[in-house]
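Peer 1: Now for the letters of each chain:
Protein chains: 6
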Amino acid sequence: MLAQPATALRWPRLLLTGAAGGLGRELRPRLRRYCDVLRLSDIAVLEPAGEGEEVVQLDLADADGVRSLLTGVDAVVHLGGVSTEQPWAAILGANIVGAYNLYEAARRQGVRRIVFASSNHVMGFWRQDEVVDAQSLPRPDGLYGLSKAFGEDLARLYWDKHGIETVALRIGSSFPEPRDRRMLKTWLSYDDLERLVVASLSAPVVGWSVVYGISDNSAAFYDNRLARHLGYRPRDSADVFRDRIEARQPVLDPNDPATIYQGGAFVRTGPIE
Amino acid sequence: MLAQPATALRWPRLLLTGAAGGLGRELRPRLRRYCDVLRLSDIAVLEPAGEGEEVVQLDLADADGVRSLLTGVDAVVHLGGVSTEQPWAAILGANIVGAYNLYEAARRQGVRRIVFASSNHVMGFWRQDEVVDAQSLPRPDGLYGLSKAFGEDLARLYWDKHGIETVALRIGSSFPEPRDRRMLKTWLSYDDLERLVVASLSAPVVGWSVVYGISDNSAAFYDNRLARHLGYRPRDSADVFRDRIEARQPVLDPNDPATIYQGGAFVRTGPIE
Amino acid sequence: MLAQPATALRWPRLLLTGAAGGLGRELRPRLRRYCDVLRLSDIAVLEPAGEGEEVVQLDLADADGVRSLLTGVDAVVHLGGVSTEQPWAAILGANIVGAYNLYEAARRQGVRRIVFASSNHVMGFWRQDEVVDAQSLPRPDGLYGLSKAFGEDLARLYWDKHGIETVALRIGSSFPEPRDRRMLKTWLSYDDLERLVVASLSAPVVGWSVVYGISDNSAAFYDNRLARHLGYRPRDSADVFRDRIEARQPVLDPNDPATIYQGGAFVRTGPIE
Amino acid sequence: MLAQPATALRWPRLLLTGAAGGLGRELRPRLRRYCDVLRLSDIAVLEPAGEGEEVVQLDLADADGVRSLLTGVDAVVHLGGVSTEQPWAAILGANIVGAYNLYEAARRQGVRRIVFASSNHVMGFWRQDEVVDAQSLPRPDGLYGLSKAFGEDLARLYWDKHGIETVALRIGSSFPEPRDRRMLKTWLSYDDLERLVVASLSAPVVGWSVVYGISDNSAAFYDNRLARHLGYRPRDSADVFRDRIEARQPVLDPNDPATIYQGGAFVRTGPIE
Amino acid sequence: MLAQPATALRWPRLLLTGAAGGLGRELRPRLRRYCDVLRLSDIAVLEPAGEGEEVVQLDLADADGVRSLLTGVDAVVHLGGVSTEQPWAAILGANIVGAYNLYEAARRQGVRRIVFASSNHVMGFWRQDEVVDAQSLPRPDGLYGLSKAFGEDLARLYWDKHGIETVALRIGSSFPEPRDRRMLKTWLSYDDLERLVVASLSAPVVGWSVVYGISDNSAAFYDNRLARHLGYRPRDSADVFRDRIEARQPVLDPNDPATIYQGGAFVRTGPIE
Amino acid sequence: MLAQPATALRWPRLLLTGAAGGLGRELRPRLRRYCDVLRLSDIAVLEPAGEGEEVVQLDLADADGVRSLLTGVDAVVHLGGVSTEQPWAAILGANIVGAYNLYEAARRQGVRRIVFASSNHVMGFWRQDEVVDAQSLPRPDGLYGLSKAFGEDLARLYWDKHGIETVALRIGSSFPEPRDRRMLKTWLSYDDLERLVVASLSAPVVGWSVVYGISDNSAAFYDNRLARHLGYRPRDSADVFRDRIEARQPVLDPNDPATIYQGGAFVRTGPIE
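Residue numbers (my numbering), protein chains in the order written: chain C, 252 to 524; chain V, 252 to 524; chain U, 252 to 524; chain B, 252 to 524; chain G, 252 to 524; chain P, 252 to 524.
Pulled out of the complex, with its shape left as it was, chain C reads as follows:
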């Protein structure tokens, strides 16, 4: 948690979906500081509501439930859905139907902004020696990445047609610390994740914006210059872990697609049944 809140702004009610997941649990106490009430939802059981919290257990595939969920909400931080490669049925329900339900509920409830957890896997079939930016075309590396590309396009539709703003965070690898050579490029510290989410919530105008969610890693294959208006400035860096990681994983197979492509091991996964 940042020593100082990243903004003095404060929202009456924020909604955090996927609050029981890895990043959700990490963001829960952090976002608490930026709002009067933090509503939390997940398909899994959540820790009981603390002060200023509201807890809702809910499947995003339940359209009516999602509509209720968004009542009285100022903005949504949408981490809900699956975040790994999964069978089509799981992706379809949670990430495609779920995303649709969320945006449609936002439209009906008058929610104006969604911070959408997209993924680096939207771009996973670009090579690691290519640098992509917010105007590069999607090249998903699996059904998960494909569902996030769908979510981004859905968000663009709801912005162009209904005026609902989205910041799509193409999150790299958000963990306590980088675990392998690829994460030296894609790592996003939890503190930088907080900075990024708060920047996305507090920027005066975002329309439909795409930003890569990484810390200040020297060797990233992402170029965020087109998202500068969001004001996200990372303060951490995977670089400090470089020696340890390289000692642990000195050799990469240069013919392994997981070495070659941005998506890493995801590019090797076939459809899961």
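It is worth saying that the hints were derived from the structure and are not from the lab.
There is no bait here: all hints are sound.
Okay, the calculated beta carbon distance ranges per label pair:
no. : chain 1 : residue 1 : chain 2 : residue 2 : range
1   : B       : 252       : P       : 503       : 25 to 33 Å
2   : G       : 414       : B       : 361       : 25 to 33 Å
3   : B       : 500       : C       : 323       : 21 to 29 Å
4   : G       : 494       : P       : 264       : 55 to 63 Å
5   : G       : 335       : B       : 361       : 56 to 64 Å
6   : P       : 319       : G       : 359       : 36 to 44 Å
Which residues of chain G face chain V? A partial, calculated answer using Cβ under 8 Å:
no. : residue
7   : 380
8   : 382
9   : 501
10  : 511
We put the beta carbon where it would ideally sit given N, CA and C, even for glycine.
Using the hints, position chains V, U, B, G and P against chain C.
Peer 2: Below, chains V, U, B, G and P without anything else, positioned relative to chain C:
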């Protein structure tokens, strides 16, 4: 039907999905000339199989059925699914689940190329005074356009990961003749449609290509220079209908989103329930 | 004059400024066919009004006069002002103050579209071996070109802020036929000029568009792909004059700036006093 | 004033126009350190000349006066003219005629470089969620921005034709500290202004360069990578004022054009009479 | 040979190198019409000089010989050197040393323009489903293509530094007719070759220009819009041979690099010893 | 030498060519830390081999010798050849034939990566007020720069065709400290050179990458955003020498090509005989 076939190439078995729809009925006799066997499918009843035809009635949401459908097929011309703005459930089943089933079946059956009927509605929220090309980002104008954007990304995944080639045809307005001012820009004659489909089938290498499906209309807002390798060269033009159309529809409301945006009336449609 | 009008559309009242100039006299009878009333203005004496014509002698530097001039007008074809390199005072009055007066009058009178005769001299300091398009930055070759760059920016302001549409025609060299080697690149036939003006008037949406005004000359240094939505398609070509011109002017000094730069002889002209 | 001068270079005589204005008064003592003689001009009364200073009261619309003013000058820092939205007559005289007089005088007097105070309002109708750079086309937000776009094009002409170099500073908001949410994006500290002006004076070659005049603000909508050759590196940042400003101005109307567009409140101003 | 010469211009003395090769023999009688004297050179024996011809047998690796060869020459059409994949020593002598000798001789002899026969093999490792233009980076497919990339860079140096103009013709496949599926994309008829060479000689300013040498083939992977200033407009097309070729070569192996990459079979060739 | 090695990775055997040159002598002890054995070669006499070193005196024009040299090597840092403007014969042997010999030997010996010392002189005829990146076309400023452009294209061929990776370092000016005004832009400290070489060796995937070799100089005319994946982050800066250099060299002739173009004095050098 073209007086001369557009290529001397001939496929053992082509599959045409959506063969009972408007364009499907138009393409059925045309494609018949380019293959030994033309397999036809639709969710609706089809005309009985003629010589060299095979007819299959099938819902694309039926994964097993689609897998069988692709047995022994060399290439697919995929018109199936819905092609107008519809309620989410209809779009989801036919165009999202259906497209997934098709590509997954192609992967399992070893089909190498799909000519995918995408739509101008993938780009519907670009303005009519902007010219877009194959590298412009999608801006769908409704759930239908969104589902086609999904199909294009799905196709890119199956190309990058599984080597299945796709030509995505962002078809404008394919009718016997243009019906309104917008179609002077977006019209695709049936003969040019045939040329385009045959070019897409016969180009030696297509990888994942995007092409706008229009005739040689002077006032298009599309730039096909990045698809030149496909060898599509339209021979018809909406221009010859200009006087008649302008006489019939002399005035357009300049404040109407349907006048302003490329998607025309689709941009005005809210979600349908 | 085109054998067939270029459109079936017809405006109640068009205004043609600069109607006594070279291009003005050429366009007067041509535009007459596209409207019920053609209002004509110039600082010089005009031929008396024919049927369906209104004639106004006026200095564009007269703001009140211009405001009256635009009463009841549907659209303006603005050729007024000076069209050659002149002393600053002349350029300032006619092309800078004059353009401002015109747009400000349009705003007050509710005129929605202006076809603005800009000039190739906005781009005159690009080299003749460079190809420019509508997104290349201006490089005017003199005060005249500079004033036209001003007019284009003014038009952009009035579009962005007040919703008045403009097509800026960067006219090459519009004469009965090309006169020299450079005009083999920049020539615009009178018939193509008519096609271009009518396309600019009749395109449903133009916002702020820039188009190079040339015939179908093989050796142009202009790329109009970003203006395709206007629907301008030239039918004439300077190519048919090539032999005659090259016989007459076989040698060009390769060190002469007039040979090197797009603006031709204009790039050599110093300020005129 | 910087503790250390930003360069060891020193000019025999610099001219600062607009020296009685806000930025002029700020730059006067700062520039004094970089030259033997600092000539100062303004239409308003100036503080009496100190040591190494020359003071000239002058209207930039006075061509002869401006010509005299530039005698013996090495380089000009041109802040003169109006710097807010004003009636057309004021803009015309000070910023259009004035800029012409300045460049024409520079040509006659052999002055080789002008640091031209342009403005963010040249780009004011780009959205705040778009990032612009030195090759983005101008979209002025009013007559003031339009006059600065004129000045930039004039400068390009004098560079291309007469070899007079210009650095156009598209200054954001230069005040002691940022005053509102928008200035968190556009603020330029006085020290950074000094760095920027000195970089522009001392870069060996500038030709015609455009640079956005902002401090190192995280949330800017400007990309200065194309101006890197100038060597401007800001050391201050609006970020340190973020909490205070956001506490003071927590809510922005998302439908207000001043929130949406880069030009802020300028985009709302109609012509002033 | 064109029925009508492509230009009325006529040069006192043109030099054609490589005049004994396939294209050289084809161009010899064609170029004869555009000059008073046609000097011809080759390392091989040439047909004896006809009227208005001069014949020189010469190895381009002979620097002194090349210097003499260029005496009194107005412009060079440089076909000399090897034009197929060859061992390094052969490429080095003929195409690298030879090109250097030619440009250095041009510099010393004051020759101002060279039409340089480059090759599509400069770009051979771009894919056939990618469209390249004059600003795409080189990706040579062998030593031959590499030597032509060297020649283009050499030409750029001699333009930037010494003012010698070059048009680099990236010639596709110039034969009496296309021989295989790839040549449906890359074919250049002899008449179009003549048009292209004459356009390159007669364009008033070319600086350093790159143009793809192809006829008007529908399915090319080249975009010549950046070379429009040259005025090359092909009149032939490989399309008329399509049926015959496709009947003869109905199947291409989609995994063969010669199918996938623009360079065709050249991409498969290893170094030749 | 960096206090801390820039990576924990360690190669069994690295080859450093040109090890007796200025940069070679600087890198020799530095690279020693990153490998078990450092093989060193030069055409000149080298210091005797220390522990873990192997020394080979060799002319790169000797193909067989180079082939032996690459036996058992993991990666090459190729500084060999001439690094100043020289007569053609010297450039040809050392940099053209030498580079070919090196890559061909790498292919035969199975060496997978080469860090190729290219040069800023590949881009020397871009202006100093233009900012170039890895996709800008080469504009060499002499035979030396031309030979380096050749080497880069050769490297691309060996990557595309034979899978040998290259990082081309377009080194600016690597000296103990900057010596003149231009080096304030192009300087590369020895420590940053070490960082750059090590980054190029240790990046998991480089394919064919181009990076400008400069320290963190504020006023560079290079943009390295497309090489970010390499992970090179300079820590030194020429800025700290600015005062001293500017005091020593206060005046530059603005008409001197060495002031105007990126290549500095190299652009003035004619062919050396």
